[in-house]
Amino acid sequence: MTPSKRAEADLPGGASAQADTAAWVEALYRGMLLIRRFEERVYRLFLEGEIPGTLHQYHGQEAVAVGVCDVLRPDDWITSTHRPHGHALAKGVSARAAMAELYGKRTGCCAGKGGSMHLGDPSVGMLPAIAIVGGGNTVVTGLGLAMKLRKSDQVAACFFGEGATNEGAFHEGLNFAAVERLPIVLVCENNLYGASTPYHRVSLVPDVAERAKAYGVPARIVDGMDVLAVRAATAEAVASARTGAGPTLIECKTYRFTGHSRSDACDYRTDDEEAEWAARDPLLVHGARLEQEAIEQLEAGVRAELDDAVEFARSSPLPEPHEALDGVYA
Amino acid sequence: MPETTVETRRLTIAEALREAIAEEMRRDEDVFLLGEDVGVEGGFGGAFGVYLGLVEEFGHERIIDTPISEKAIAGAAVGAAVLGMRPVADMQYADFLFECMDELVNQAAKLRYMSGGKLSVPMVMRAPVGTTLRGAQHGQCPESYFVHVPGLKVVAPSDAYHAKGILKSAIRDDNPVLVFEHKLLYGSKGREAAGGFDLTAEVPTDDYTVPIGKAIIKRSGIDVTLVATHVSLYRALAAADQLASEGIECEVIDPLTLNPLDEQAIFGSVQKTGRLVIVHEDTLTGGWGAEVAARVADDCLAYLEAPIKRIATRDVPAPAAPVLEQAIVPQVETIVATVKEMLG
Ligand SMILES: Cc1ncc(C[n+]2csc(CCOP(=O)(O)OP(=O)(O)O)c2C)c(N)n1
Numbered sequence: 001m002t003p004s005k006r007a008e009a010d011l012p013g014g015a016s017a018q019a020d021t022a023a024w025v026e027a028l029y030r031g032m033l034l035i036r037r038f039e040e041r042v043y044r045l046f047l048e049g050e051i052p053g054t055l056h057q058y059h060g061q062e063a064v065a066v067g068v069c070d071v072l073r074p075d076d077w078i079t080s081t082h083r084p085h086g087h088a089l090a091k092g093v094s095a096r097a098a099m100a101e102l103y104g105k106r107t108g109c110c111a112g113k114g115g116s117m118h119l120g121d122p123s124v125g126m127l128p129a130i131a132i133v134g135g136g137n138t139v140v141t142g143l144g145l146a147m148k149l150r151k152s153d154q155v156a157a158c159f160f161g162e163g164a165t166n167e168g169a170f171h172e173g174l175n176f177a178a179v180e181r182l183p184i185v186l187v188c189e190n191n192l193y194g195a196s197t198p199y200h201r202v203s204l205v206p207d208v209a210e211r212a213k214a215y216g217v218p219a220r221i222v223d224g225m226d227v228l229a230v231r232a233a234t235a236e237a238v239a240s241a242r243t244g245a246g247p248t249l250i251e252c253k254t255y256r257f258t259g260h261s262r263s264d265a266c267d268y269r270t271d272d273e274e275a276e277w278a279a280r281d282p283l284l285v286h287g288a289r290l291e292q293e294a295i296e297q298l299e300a301g302v303r304a305e306l307d308d309a310v311e312f313a314r315s316s317p318l319p320e321p322h323e324a325l326d327g328v329y330a
Numbered sequence: 001m002p003e004t005t006v007e008t009r010r011l012t013i014a015e016a017l018r019e020a021i022a023e024e025m026r027r028d029e030d031v032f033l034l035g036e037d038v039g040v041e042g043g044f045g046g047a048f049g050v051y052l053g054l055v056e057e058f059g060h061e062r063i064i065d066t067p068i069s070e071k072a073i074a075g076a077a078v079g080a081a082v083l084g085m086r087p088v089a090d091m092q093y094a095d096f097l098f099e100c101m102d103e104l105v106n107q108a109a110k111l112r113y114m115s116g117g118k119l120s121v122p123m124v125m126r127a128p129v130g131t132t133l134r135g136a137q138h139g140q141c142p143e144s145y146f147v148h149v150p151g152l153k154v155v156a157p158s159d160a161y162h163a164k165g166i167l168k169s170a171i172r173d174d175n176p177v178l179v180f181e182h183k184l185l186y187g188s189k190g191r192e193a194a195g196g197f198d199l200t201a202e203v204p205t206d207d208y209t210v211p212i213g214k215a216i217i218k219r220s221g222i223d224v225t226l227v228a229t230h231v232s233l234y235r236a237l238a239a240a241d242q243l244a245s246e247g248i249e250c251e252v253i254d255p256l257t258l259n260p261l262d263e264q265a266i267f268g269s270v271q272k273t274g275r276l277v278i279v280h281e282d283t284l285t286g287g288w289g290a291e292v293a294a295r296v297a298d299d300c301l302a303y304l305e306a307p308i309k310r311i312a313t314r315d316v317p318a319p320a321a322p323v324l325e326q327a328i329v330p331q332v333e334t335i336v337a338t339v340k341e342m343l344g
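Keeping their order, the protein sequence lines are chains Y and D.
In terms of this note's numbering, the first sequence opens at residue 1 and continues consecutively.
In terms of this note's numbering, the second sequence opens at residue 1 and continues consecutively.
So that you can see chain D by itself, here it is in the shape it has in the complex:
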């Protein structure tokens, strides 16, 4: 968190991301934005309003409204990045990343290595995730597909301070970085989904960055370590509140970066608590939680006092009906029950 002497104000994640992009574009002429519906006059400023106002300041030359052509968006970002530009590419929903898997996985991730280290691909791809009653093709959390790919970095901020700081780091990074944000966390309207947590955060007015690859301890505790991102992070915090009233102290970690993972932060916590629960909205099988669990099992087995637990979305596509969606996505009660059982 920022020091008290620093001047700050409360921002939503959407506002914080907008500031990060605007400041980086002012700072560095090589930074530009491309995506669908990002700069049309009278339009939406991107699918979730993150870019509102940017076209007025930077013009259509640097805020580029593309055709509905995700392959071209990602491919253009790769090509421009190779020549030293710093594109920020936008996917309206993370589900559409599957349209440009080749550009991300075969090109962006591999060009540096394939060139014997002669090239780099300093691009950013932003993509909103999360089940929000929009059904199977607009509700996925596909972070894990990309965590799997050597050459890509994957970050997943959950509050305004870290979102702004890590997006700036991503833009300045010389590697392709995917930035996953949760649709319900952009504004203050997602408060209910986040268990009533205030989704605005104090954000410094001055330039700052948040490093890629460093986790955040959101709450310290000695009984159980909870690792979670996005809405699941807020649910983990709500569960920790409830459990605290029963004398169970959870340590809650926001990994913030999913690749490269901040192993030391997680190992250190598990060595203290002896218990680990990972919560994510991606489906269970092959989700990034499995990677965290495997690494902890590798490194901290002697410290573990209980089997590692993963709480994830059930292995089904996102259903549209609210009652069905609610049934498959990790809820506070499940986290509370799992922790109690572990301590049983």
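Excised from the complex, chain Y in its bound form:
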């Protein structure tokens, strides 16, 4: 079960709707839990040598992917980054297809050609993730432009880190989206560090939201550790985009609970800072809204889903070497 794809309306009121709401609150938790447990397994499998390549993991930022994608429809699109596992699962790439891709198997969502940094699947509205920092920020304008020219009411959401806002692409994309009133939501995951570099060392403006103002784009700052806060801001932004009012930037204050990539010991961060953010773990924040029993059931369900995903990935065939030559041109 994926998080319910309800429209961007407010929470339903009334008595019968309350059960509905409880199920939805659980679904949001499950979405985040799936990402967390997926990442934990992937890390272990990587250390055990089963998963090749490199990894940029998403632990800690789950509320952003899940809060945003809960608002989006299957026919809305997202762009993602070098850290795409959470975005992919939240947008509807199955745990099987994501895991198999990390294993380099033919059954992976990119047939083994993309790998960790390029997870994605057009059938669920996710461009293969772009591992060039800021790369999504211009491409998303094209997604938005096509939606606008075709008069569809789709929207495109662009995930990027605060580090990406120092790329020219961020500024060009933002300004173009603004003047064309494109149906875009810019989701900045401000986790304070771009690789080892703290944002305050590379920007005199502490809030990314401030930068949006320079382009006439409305911006919100939200608690990126609270899935409901992310969701509420996204709902507004998406509603506005669908009616042709143009882009919104949402800055989610968040934190990555792991290293930048697999081999990073995070010596550039303090233990105190890490502990402070760990106390705001999105699973704790949102977990407080659920019964313990419900959480245990969700854990069991997620465990089974991931057991199945790993089994699927392990038993899937490797691509044949000659397949490397296929698919360069349409």
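Derived from the structure by calculation, the hints contain no laboratory data.
You may find that some hints are simply not true.
Covered stretches of chain D (in silico footprint by chain Y; criterion: 3 or more residues with CB under 8 Å from a CB of chain Y, positions within the stretch not fixed) [to be verified]: (1) 129–141; (2) 306–316; (3) 324–330.
A virtual CB, placed ideally from N, CA and C, is assigned to each residue, including glycine.
Once you have looked at the hints, place chain D with the ligand on chain Y.
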């Protein structure tokens, strides 16, 4: 190779590059470093650890941690170089050079010429290349894009001795020089990829430089000339070992500089062997191997006893799955088979 009287020790390429930069920074105040994650305390010392320890000695003023802004990195290097500084700019992966093509191709390469020779742009850009299971946007070998540009020099060292010496030459050169290194060759961990070759080399403790524009004969032979760089160079050497056991003697040349190319070294070898195989990890079409082949065909046609062969990465983006990556990148067996067929 250094003479035996010179005092040396074994270094990895990463250590050798670090020494080159540190020594040049001590020697010349105009030398400074800029790039992403190069000097943050507790950080990585650059994407591959080459700069570890430099910030402690030179401080943040000369080891500059930039925003993630490749256009600004390259543009700042150009501007500072115009005023006589000697910036060493860092790209975490060569794939990101495409972010600053304008600064490199339209500015760095052309300012001297456009100014009627009144300006020079003495900058260095370092960039790691190579497929290493990181997929399409972190595995390219884009040397050839830059080989194409008049006004840029392009070097591609493959061992610690030459890496240190040529980086020093690049820093002292009055032109923009791009230094491409292979990710798998930095430390001793890449040994397997390099066919088991020891990736450390004897490096003199005293100051020395290696000239830009001079190739190295890594192994001499009379039957076939192999020209290769980086991991492909080590694979060519491994192939030469195998072939030697079957009585085929390959001459293996590391061009070291891709522009300006040391034509004489390559022509001389081909005139002796009559056969040429070029091996590179860049994709085939329009790769620098085509340039080498064309020049040899131009100059040495009468000496050639067989068509020139190029062994290159297949014309596809780098796939992530190990089995697919392995299938597209030049391997030792392909080199061996190609040489045997040539001698057929
Ligand atoms: C154009 C470009 N420059 C540099 C990199 C190397 N790099 C990968 S991730 C990263 C840090 C990105 O920070 P941020 O955008 O804040 O995202 P986060 O990693 O925090 O999710 C860097 C420098 C890259 N992939 N692309």
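Subject >> Per-stretch coverage check for the segment 324–330 of chain D, three Cβ contacts closer than 8 Å to chain Y >> reply: Held - the segment 324–330 of chain D has 5 residues with a Cβ nearer than 8 Å to chain Y, which meets the minimum of three.
Subject >> Claimed coverage, the segment 306–316 of chain D by chain Y - three or more beta carbons nearer than 8 Å >> reply: Coverage by chain Y holds for the segment 306–316 of chain D (3 residues, Cβ < 8 Å).
Original post:
Under a C-beta cut-off of less than 8 Å, do 3 or more residues of the segment 129–141 of chain D approach chain Y closely enough to confirm the stated coverage?
Top reply: With 6 residues closer than 8 Å to chain Y, the segment 129–141 of chain D meets the three-residue bar; holds.
Violated hints are absent here; each numbered hint is respected by the structure.
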